[in-house]
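> Sequence:
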Amino acid sequence: MNHVDLQVNGYAGVDFNGNELSTEQVQHACDVMRSHDVDRCLATVITDSMDAMCARISRIVDAIEADSDIAKTIAGIHVEGPFLSPLDGYAGAHPKSEIRAATIEDAGRLLDAGRGHVRLVTLAPEQDPDGVTTRWLHDRGIIVAAGHTNASLDELDVAIDAGLSMFTHLGNACPSQVPRHDNIVQRVLSRASRLSISFIADGFHIPMMALGNYLQCVPEENIVIVSDAISAAGLGPGTYALAGQNVHVDADGAAWAECRTHFAGCATSVQTMAEKLRTELKIEEARIRTWTRTNPARLLAGK
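Residue numbers for the sequence shown follow numbering that gives the first Met the number 0, so the first one is 0 and each next one is one higher.
Derived from the structure by calculation, the hints contain no laboratory data.
Mixed in with the good hints, there may be bad ones.
Unchecked claim - EDC-like, lysine to aspartate or glutamate: derived pairs with alpha carbons at most 20 Å apart:
#1 K302 with E219
#2 K71 with E23
#3 K302 with D160
#4 K302 with D138
#5 K71 with D30
#6 K275 with E219
#7 K281 with E219
#8 K302 with E220
#9 K275 with D249
#10 K275 with D36
#11 K95 with D105
#12 K71 with D36
#13 K71 with D61
#14 K71 with D38
#15 K281 with E220
#16 K95 with D50
Claimed, not checked - Label-pair distances were calculated between CB atoms; the ranges are:
#17 D181 with E19: 42 to 50 Å
#18 D249 with E104: 37 to 45 Å
#19 L234 with M49: 29 to 37 Å
#20 D160 with E274: 32 to 40 Å
#21 G211 with E64: 40 to 48 Å
#22 M207 with L86: 21 to 29 Å
#23 A54 with T102: 13 to 21 Å
#24 D30 with T238: 19 to 27 Å
#25 L234 with L152: 37 to 45 Å
#26 D68 with N182: 39 to 47 Å
For glycine and all other residues, C-beta sits at the position ideal for the given N, C-alpha and C.
Using the sequences and the accompanying hints, generate a full structural model.
Here it is in structure tokens:
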């Protein structure tokens, strides 16, 4: 089964957020991804200074435009940040010092660096409270997702009305302890008919039992499985790079930030996630195919 992964920070020892990223490195990551049944992906650039993010986006675009095999695999770029919540837990692995409110000017700089290859932007609706930047991105054909957010229901609804159509890795990028009823997971699930919702199905970011519950709350056509893969994906235990920070991967495959308070990306392939869905949640093959290929491919096609 060939998968479409909308969130890949790196793979097989290659960090897409690296400051010395080469076309040869990107080609290697793509080769290994294809061997792990990933047909297409979005290379993900996470929060840093605007200059650093734009330079990293541009390097990925250089590789896409230099090599036809890379272009077949990397369908575009997912910009995750810098318009995220700076609050503890919600910021996750993103440096708080570089998180900022959304503006059309900054969004324009990111899109200009992408030279037409930026396909998805993740932001926190509370950083764009009137939805102006969300609408501006949507009008330019960009998929706008909420993520790393503690948006209220009203803020979510304003964003949806402005063109927000997705939520990035629900159940993650929030504190380990939240109000038991009124929290971002419950708010987003209450809007599941209006949003495509992505989940990291590695069993670490969300216990498989909880993931099974969440999946029952979302319409089939709105479920998307993403890897959130980092350079450690496909390599096993060790210490690996993610945007200038070290991430430690345990023997069980969990990828931790150096502080050990939260996960920082994922070292599990979509191929392995599909197997976990199949064996641990008893999901049939056709539904897995819908979540890992049909639905994300439809989003990329703008449908």
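> None of the hints should be skipped; say for each whether it holds.
Consistency of the hints with the structure:
Of the supplied pair hints, the one linking K302 and E219 holds, its CA atoms being roughly 15 Å apart against a limit of 20 Å. Restraint check for K71 and E23: the C-alpha separation of about 15 Å stays at or below 20 Å, so the hint holds. Between K302 and D160, the direct Cα distance comes to roughly 17 Å. Compliance with the 20 Å bound is thereby established for this hinted pair. A hinted pair counts as satisfied when its Cα atoms are at most 20 Å apart, and K302 with D138 qualifies at roughly 14 Å.
For a cut-off of 20 Å, the pair hint linking K71 to D30 stands: about 11 Å separates their Cα positions. Annotation: proposed proximity of K275 to E219 holds, straight-line Cα distance about 18 Å (limit 20 Å). Taking the CA atoms of K281 and E219, the gap is about 15 Å. The hint holds against a cut of 20 Å. At roughly 11 Å between alpha-carbon atoms, K302 and E220 fall within 20 Å of each other, so this suggested pair holds.
A distance of roughly 18 Å separates the Cα atoms of K275 and D249; the hinted pair therefore holds under the 20 Å criterion. In summary, the hint linking K275 to D36 is supported, as the alpha carbons are separated by about 15 Å, within the 20 Å threshold. With a C-alpha separation of about 17 Å, the suggested pair K95 and D105 falls inside the 20 Å cut-off, and the hint holds. Restraint check for K71 and D36: the C-alpha separation of about 14 Å stays at or below 20 Å, so the hint holds.
The suggested pairing of K71 with D61 holds, with an alpha-carbon distance near 14 Å, which does not exceed 20 Å. Our distance criterion of 20 Å between C-alpha atoms is met by K71 and D38, whose separation comes to about 8 Å. The hinted pair formed by K281 and E220 meets the criterion: a straight-line CA distance of about 19 Å does not exceed 20 Å. A distance of roughly 16 Å separates the Cα atoms of K95 and D50; the hinted pair therefore holds under the 20 Å criterion.
A C-beta distance of roughly 45 Å is found between D181 and E19, which places it inside the suggested range of 42 to 50 Å. A hinted range of 37 to 45 Å for the beta carbons of D249 and E104 is consistent with their spacing of about 41 Å. Distance hint check: the CB atoms of L234 and M49 are about 31 Å apart, consistent with the given range 29 to 37 Å. D160 and E274 have their C-beta atoms about 39 Å apart, which keeps the hinted 32 to 40 Å range intact.
For G211 paired with E64, a C-beta distance near 42 Å keeps the hint of 40 to 48 Å intact. Remark: the range hint 21 to 29 Å for M207 to L86 is upheld by a beta-carbon distance near 28 Å. Checked against the hint of 13 to 21 Å, the pair A54 and T102 passes, with Cβ atoms roughly 19 Å apart. At roughly 23 Å, the beta carbons of D30 and T238 sit within the given window of 19 to 27 Å.
Range check, L234 to L152: about 41 Å between beta-carbon atoms, so the 37 to 45 Å window is met. With their beta carbons about 43 Å apart, D68 and N182 fall inside the hinted range of 39 to 47 Å.
Comparing the model with each numbered hint stated earlier shows that all of them hold.
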